[in-house]
Each structure stands twice: as C-alpha cells, then as structure tokens.
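My request is simple: use the sequences and hints to build the entire structure.
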Amino acid sequence: MLLDSIRTQLDSLSKSERKVALAVLENPARTVGANITALAKSAQVSEPTVVRFCRTLGYDGWHEFKLKLAQGLALALPGLNDQPAQDDLAADLVNKICSRSINTLLDLRNNLNAEPVQKALDILSRARKIEFYGHGTSGIVAADAQHKFFRSGVPTVAYADPAIHSISAALLHEGDAVVAISQRGNSPALVRSAKLAKEGGADVIVLAPSGTPLAEAATVLIPIDLIFNTDPYTPISARLAYLVVIDVLAVGLALKRGPEFRRKMQNAQKALQEFDMQFDSFIG
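Counted from 1, the sequence shown has number 227 at position 227 by full-length UniProt numbering; the numbering is strictly sequential.
A couple of the hints might just be wrong.
[To be verified] Pair by pair, the computed Cβ-Cβ distance ranges are:
(1) Glu216 <-> Val32: 26 to 34 Å
(2) Gly201 <-> Val251: 21 to 29 Å
(3) His63 <-> Ile164: 42 to 50 Å
(4) Val244 <-> Ala29: 27 to 35 Å
(5) Ala85 <-> Glu260: 51 to 59 Å
(6) Val251 <-> Gly175: 20 to 28 Å
(7) Val244 <-> Asn27: 25 to 33 Å
(8) Ala114 <-> Gly175: 23 to 31 Å
(9) Val251 <-> Lys15: 40 to 48 Å
Just so you know, these hints were derived from the structure itself, not from any lab.
Backbone N, C-alpha and C fix where the C-beta goes; we use that ideal spot for every residue, glycine too.
Now the structure itself:
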C-alpha cells in the first residue's frame with residue numbers, strides 16, 4: 001500500500017520531505033483526518049514542502065495523496081500489520097499471511113495504472129524476442145514469466161545471472177524487448193543491463209518501484225510500489241503482485257494476438273495433457 005511505498009523511498013527523499021514522510025508513517029489515520037496545515041506543523045516544515053513530498057511520490061498534490069492514503073487504510077484487512085509470532089497457532093498464520101496477500105493484491109488492483117500496461121503490451125506484441133531479467137526472488141518471477149510467455153510464439157529466455165544478462169543485453173537490437181523485474185529497483189547490474197539493451201535499440205519494460213534507478217532506465221515503467229519494511233515474511237506477499245502483473249501481460253499478449261493464436265495455445269495445452277496421460281499410463 002501507499003505506506004509501504006513511502007517506507008521504500010525514505011532514503012531518496014530530501015531532508016525536509018523525509019520529515020513529512022515520518023510524520024505520515026507515525027500516524028496515518030491522523031494524517032487522513034488532518035489538513036495540510038496540521039501535517040506541515042506536525043512535521044515542522046512548510047506547506048509547500050508537503051506538496052513537494054506528495055508530488056515526489058507521484059501525486060498531483062495534497063488532496064490526491066490524502067485520498068489515496070484514505071483508500072489504502074479503508075481497504076486494509078485486519079492482520080495486515082501483525083507480524084507472524086513464535087507462538088502463533090496455525091489459524092493465526094492462515095489469517096495473517098492470507099490477509100497480507102489479499103491486501104497486497106487489493107492495493108495493486110486499486111493503484112496500478114492501466115496506461116503503462118497497455119504500452120507494455122504494445123511493445124510485447126511486436127517484439128521479435130523477449131528476455132526477462134531478475135535477481136534473487138525476482139529471478140524466480142522472471143523464470144515464471146518465461147514459462148508463461150514461451151507459448152506466445154515469440155522466442156523468450158529468462159536470466160538471473162548478472163554476467164549472462166549483461167552479455168545478452170549488449171547483443172539486442174531494435175525490435176527486441178527486455179522485461180526487467182526487481183522488488184527494490186536498485187541493483188547496479190540490472191540497471192546496467194537495462195541501459196545496454198536500450199543502447200542497442202531494444203525496448204525495456206521495467207516492473208519495479210517508482211523513483212528507483214531501474215525505473216529511470218525504463219522505456220515503459222509498470223510501477224509496483226509494494227516493497228515493504230524489514231519484516232522477512234513480507235517479500236512473499238510482494239512477489240504475488242509481480243506474478244499477477246506477469247499474468248496480466250501474458251494474458252493480454254495472448255488476446256492481442258487473436259483467436260488463431262489462442263487456438264494454437266489450446267492445442268499446445270491439449271498436447272501437454274495427452275503427454276501427461278501417456279506418462280501416467282507408462283509409470284502405472
């Protein structure tokens with residue numbers, strides 16, 4: 001949600017904007033109920049600084065920021081901020097983990113702008129080759145993306161090794177596409193590969209938080225501002241948002257390619273099912 005985006009960008013804010021951010025994080029509900037003057041006084045900054053803070057986060061001003069914050073708080077389900085504890089029962093874990101995942105997807109649905117998604121689909125639909133880059137848990141998302149997209153009829157690969165994707169990126173040309181995936185958006189190796197791909201003429205679609213170095217290297221940025229705090233369990237929920245965006249792009253590409261292509265995909269799925277049946281019969 002918006003509060004997670006603020007936490008993510010704390011280090012990149014100016015000193016005065018950081019004061020505003022900390023005031024908001026300290027008491028989000030009070031911020032929603034206050035006016036700009038009260039927030040400025042609480043943060044010990046000027047009202048124009050509050051406006052600059054809102055615009056840094058990508059909003060037109062105070063009123064849009066306040067509305068988004070209120071929506072995020074209203075949508076939050078019980079258990080969002082409850083960390084799994086040593087003495088949690090299974091029922092507690094089910095509630096906490098599911099609540100986090102649901103809130104993550106609700107936040108994605110309500111805040112993801114359709115315009116960059118459409119631009120990304122336009123790029124992918126005309127691409128001669130699609131390469132997915134990611135490190136760590138984002139590398140897992142990249143592998144999942146390659147698994148979904150290879151059925152599109154467009155050559156696809158996924159690389160999680162920085163040395164390999166930097167070499168591959170340097171060999172790309174106009175008409176090729178890269179999808180760079182990062183939950184933090186600050187990997188120097190990933191940024192370098194994105195820039196190398198662009199220098200060769202390829203389009204670079206980035207799935208990462210806005211305002212990050214990787215986001216700045218994008219041809220098209222699909223901002224996913226869901227990076228959380230230091231809780232080691234939250235990346236599991238954050239990864240769901242990236243996987244869902246990959247699903248949106250994969251389904252969108254299939255639809256753009258028309259009914260004939262969808263029939264081919266259905267035939268491929270049928271062939272896979274027949275193979276599974278034959279294999280089960282063989283080992284049975």
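Here's how the hints hold up against the structure:
A C-beta distance of roughly 31 Å is found between Glu216 and Val32, which places it inside the suggested range of 26 to 34 Å. A beta carbon spacing of about 28 Å between Gly201 and Val251 agrees with the range 21 to 29 Å that was offered as a hint. Distance hint check for His63 and Ile164: the Cβ-Cβ separation is about 47 Å, which falls inside the suggested range of 42 to 50 Å. Remark: the range hint 27 to 35 Å for Val244 to Ala29 is upheld by a beta-carbon distance near 28 Å.
Taking 51 to 59 Å as the suggested C-beta distance range, the pair Ala85 and Glu260 conforms, at roughly 54 Å. For the pair Val251 and Gly175, the beta carbons lie near 23 Å from each other, so the given range of 20 to 28 Å is met. Distance hint check for Val244 and Asn27: the Cβ-Cβ separation is about 31 Å, which falls inside the suggested range of 25 to 33 Å. For Ala114 paired with Gly175, a C-beta distance near 25 Å keeps the hint of 23 to 31 Å intact.
A C-beta distance of roughly 44 Å is found between Val251 and Lys15, which places it inside the suggested range of 40 to 48 Å.
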